[in-house]
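Asks: Chain by chain, the residues:
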Amino acid sequence: MNEQMQTFPVVEVVEHNPTLKTFYFKVKTPVKPGQFVLMWLPGLDEKPFSVSDQKRGRLEITIKAIGPFTKKAMELEPGDRVGLRGPFGRGFEVQDNALIVGAGCGVAPVRFLHETAKRMEVNTTLLIGARNSAEVLFKDQYVDEGATIVTDDGSLGGKGLVPDRVREMLASGSYSTICASGPEVVLVALRNIAKEHNLPVQLSFERYMKCAIGICGQCCLDGSGIRVCVEGPVLTHEELEQVTELGLPHRDATGQRPEKPGICQA
Amino acid sequence: MPHLKVQMAGISMDSPLVLASGVLGVTASSMRRVVDHGAGAVTTKSCSIHPRKGHPGPCIIPYEHGMINAVGLSNPGVDAVVNEIRTYRDECQAPIFASVFAGSVEEFGKVTRRIAAGNPDLIEVNVSCPNVQSEFGAPFGASFEDTAAITRIVKKNAGKIPVAMKLTVHCPSIGKMAKVCEDNGADVITAINTVGPGMLIDVGVKRPILSNKMGGVSGAGIFPVALKAVWEIHRNCNLPILATGGVSNGNEAAQMILAGAHAVAIGSAVYNRGVEVFQRVNEELLEVLELHEMERLDDLRGGAHE
Ligand SMILES: Cc1cc2nc3c(=O)[nH]c(=O)nc-3n(C[C@H](O)[C@H](O)[C@H](O)COP(=O)(O)OP(=O)(O)OC[C@H]3O[C@@H](n4cnc5c(N)ncnc54)[C@H](O)[C@@H]3O)c2cc1C
Ligand SMILES: Cc1cc2nc3c(=O)[nH]c(=O)nc-3n(C[C@H](O)[C@H](O)[C@H](O)COP(=O)(O)O)c2cc1C
Numbered sequence: 001m002n003e004q005m006q007t008f009p010v011v012e013v014v015e016h017n018p019t020l021k022t023f024y025f026k027v028k029t030p031v032k033p034g035q036f037v038l039m040w041l042p043g044l045d046e047k048p049f050s051v052s053d054q055k056r057g058r059l060e061i062t063i064k065a066i067g068p069f070t071k072k073a074m075e076l077e078p079g080d081r082v083g084l085r086g087p088f089g090r091g092f093e094v095q096d097n098a099l100i101v102g103a104g105c106g107v108a109p110v111r112f113l114h115e116t117a118k119r120m121e122v123n124t125t126l127l128i129g130a131r132n133s134a135e136v137l138f139k140d141q142y143v144d145e146g147a148t149i150v151t152d153d154g155s156l157g158g159k160g161l162v163p164d165r166v167r168e169m170l171a172s173g174s175y176s177t178i179c180a181s182g183p184e185v186v187l188v189a190l191r192n193i194a195k196e197h198n199l200p201v202q203l204s205f206e207r208y209m210k211c212a213i214g215i216c217g218q219c220c221l222d223g224s225g226i227r228v229c230v231e232g233p234v235l236t237h238e239e240l241e242q243v244t245e246l247g248l249p250h251r252d253a254t255g256q257r258p259e260k261p262g263i264c265q266a
Numbered sequence: 001m002p003h004l005k006v007q008m009a010g011i012s013m014d015s016p017l018v019l020a021s022g023v024l025g026v027t028a029s030s031m032r033r034v035v036d037h038g039a040g041a042v043t044t045k046s047c048s049i050h051p052r053k054g055h056p057g058p059c060i061i062p063y064e065h066g067m068i069n070a071v072g073l074s075n076p077g078v079d080a081v082v083n084e085i086r087t088y089r090d091e092c093q094a095p096i097f098a099s100v101f102a103g104s105v106e107e108f109g110k111v112t113r114r115i116a117a118g119n120p121d122l123i124e125v126n127v128s129c130p131n132v133q134s135e136f137g138a139p140f141g142a143s144f145e146d147t148a149a150i151t152r153i154v155k156k157n158a159g160k161i162p163v164a165m166k167l168t169v170h171c172p173s174i175g176k177m178a179k180v181c182e183d184n185g186a187d188v189i190t191a192i193n194t195v196g197p198g199m200l201i202d203v204g205v206k207r208p209i210l211s212n213k214m215g216g217v218s219g220a221g222i223f224p225v226a227l228k229a230v231w232e233i234h235r236n237c238n239l240p241i242l243a244t245g246g247v248s249n250g251n252e253a254a255q256m257i258l259a260g261a262h263a264v265a266i267g268s269a270v271y272n273r274g275v276e277v278f279q280r281v282n283e284e285l286l287e288v289l290e291l292h293e294m295e296r297l298d299d300l301r302g303g304a305h306e
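Going down the list, the protein sequences come from chains A and B. One point on numbering: in this note's numbering, the residue at position 192 of the first sequence is 192, and numbering is uninterrupted. One point on numbering: in this note's numbering, the residue at position 267 of the second sequence is 267, and numbering is uninterrupted.
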């Protein structure tokens, strides 16, 4: 795999639920947690996805069905060829004693970070948040491992919101940094909490992307102008300092900023 | 001390290097960041009267000698671009060029009138994009009559703002085309746009890779083609030339200036050398001036012609 187009057969599909699947590919090119790839479904489109793990020469991508492309992806079976390009962007740095937070469909990139830390025998703490038990990704594994889980309705783990739980964890324990991925409202809340506690952050953002190689200008953040596809998607306090658009609806495929946020942001 | 300041159609620039249209030109902050990295001016992504989503992906694919793109002229519409230009003005001093395109001569007039409200330093008229042929027919830039008519209507509607006509090599003679633009009132010639269109096929799935199947070729591979076009334009018309096509270092930028260019736009090289490419090429151009013990780029311009 590299930045030019190449197609790979799907080697395995794991269904978490009908709208959430993990796809496996034989890809040895080293990818860092937090980096992403572009997946091409020939005849349809090409879209960005984080890598949710890479081990034993296999790359995993976990996709949530929310629109035309991701719904079509649910039909993929072993042997089907898809294009994969990348890896793109700058990922997470594995850090000792990090608090790793994955909220909603943002679990994929932090899952890779957490798994990598485990393989490196670096000690980290994982917090998973979701609306309800059914929406907790990789539920069995995380329950087995005793990861901290919170759901909005209390149907699994503690009842409550991710930022509130992070406040509690910071009050009772000490961490070196917060690494997170998830809805932007959660990321913004975590950024503010981290500032209060003088903690560095590594937060993974999403923006509408086309080229992923820093050319088209579609994913640049207002205020700083940095490209989420190249300088991101994982950003620190310093890199977020000048950004003026956090929490606003993302610019769409035309470059316009719509009145209402897209599905992924809700 | 040698310096890189240039003047083009009355526009003063600290460096001859311009951000090419369609690259990092969607938002004000992105363009300001390019200026922070050494560009003398920036060009907005080409806009039309109404917003366009562009083609699905893949729409930009790098390959060994450059890249191929069929973004499909996505843009937020001219009025949104006017707002970006205003935001840019609040943040940044360097000149900003606004690129426009349209599907008919009348529409070129209309989009020009609307973009003029943002008061850009230059209006660049894209009559040369190869990516939307099926919708708009062959590029207007392939026809002397169409290009002449567009130049006239755009000049009429641009008011005091200078107009650049952006040409394609895919016309009977780019030198003559530039002369036609000059005779019809243009102030600057931008050349060239992407070449082709070209195609790349994935052997695994046996299909063209771009969703549009074909797309414009840019980057290192087209440099000699662009350079020769600039040379020919310089011999056929007296307008200042904004040269673009495959430039990625100071040597190539100097070649464009020796062929007759006033300014040099860089697009695809942002991929290979990063946003820092502008700063680096500035430094490399200064080295060329030092080599010839020259003070200004004006002394270099056109130097390759007898
Ligand atoms: C860096 C990054 C990493 C991502 N990682 C994952 C992941 O691991 N798993 C996963 O399921 N999803 C991930 N996504 C989101 C995924 O790209 C979108 O879900 C997908 O593009 C939706 O396409 P669609 O046709 O199904 O839906 P659409 O109906 O076309 O779009 C639904 C929403 O998806 C988002 N979206 C659509 N197109 C793009 C695009 N070209 N670039 C960015 N966002 C887009 C927009 O917010 C839009 O509102 C990631 C996005 C980015 C930018
Ligand atoms: C991704 C991409 C998008 C482009 N979009 C436009 C555009 O909207 N309008 C335009 O006039 N030229 C557009 N171009 C052409 C460039 O402005 C430039 O003329 C061409 O790429 C050659 O220069 P380069 O080799 O330095 O990229 C685009 C080029 C690329 C690579």
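No lab work stands behind these hints, which were simulated from the structure alone. It cannot be assumed that every hint is accurate.
Said to hold, decoys possible - Across the chosen pairs, the derived CB separations fall in these ranges: (1) A:Val11 with B:Lys206: 17 to 27 Å; (2) A:Glu93 with B:Gln93: 28 to 38 Å; (3) B:Tyr63 with A:Val14: 49 to 59 Å.
Claimed, not checked - Subject to a maximum C-alpha distance of 25 Å in a straight line, what follows is the list of computed DSS-like cross-link-like pairs (lysine-lysine): (4) B:Lys110 with A:Lys260; (5) A:Lys72 with B:Lys110; (6) A:Lys71 with B:Lys53; (7) B:Lys206 with A:Lys26; (8) B:Lys110 with A:Lys71; (9) B:Lys53 with B:Lys5; (10) B:Lys213 with A:Lys28; (11) A:Lys72 with B:Lys160.
The beta-carbon is built from N, C-alpha and C at its ideal position, and this holds for glycine as well.
Asks: Are the hints correct? Go through all of them and say.
Replies: Going through the hints against the structure:
| no. | hint | in the structure |
| --- | --- | --- |
| 1 | A:Val11 with B:Lys206: 17 to 27 Å | 20 Å, holds |
| 2 | A:Glu93 with B:Gln93: 28 to 38 Å | 37 Å, holds |
| 3 | B:Tyr63 with A:Val14: 49 to 59 Å | 34 Å, violated |
| 4 | B:Lys110 with A:Lys260 | 30 Å, violated |
| 5 | A:Lys72 with B:Lys110 | 40 Å, violated |
| 6 | A:Lys71 with B:Lys53 | 21 Å, holds |
| 7 | B:Lys206 with A:Lys26 | 20 Å, holds |
| 8 | B:Lys110 with A:Lys71 | 41 Å, violated |
| 9 | B:Lys53 with B:Lys5 | 37 Å, violated |
| 10 | B:Lys213 with A:Lys28 | 29 Å, violated |
| 11 | A:Lys72 with B:Lys160 | 52 Å, violated |
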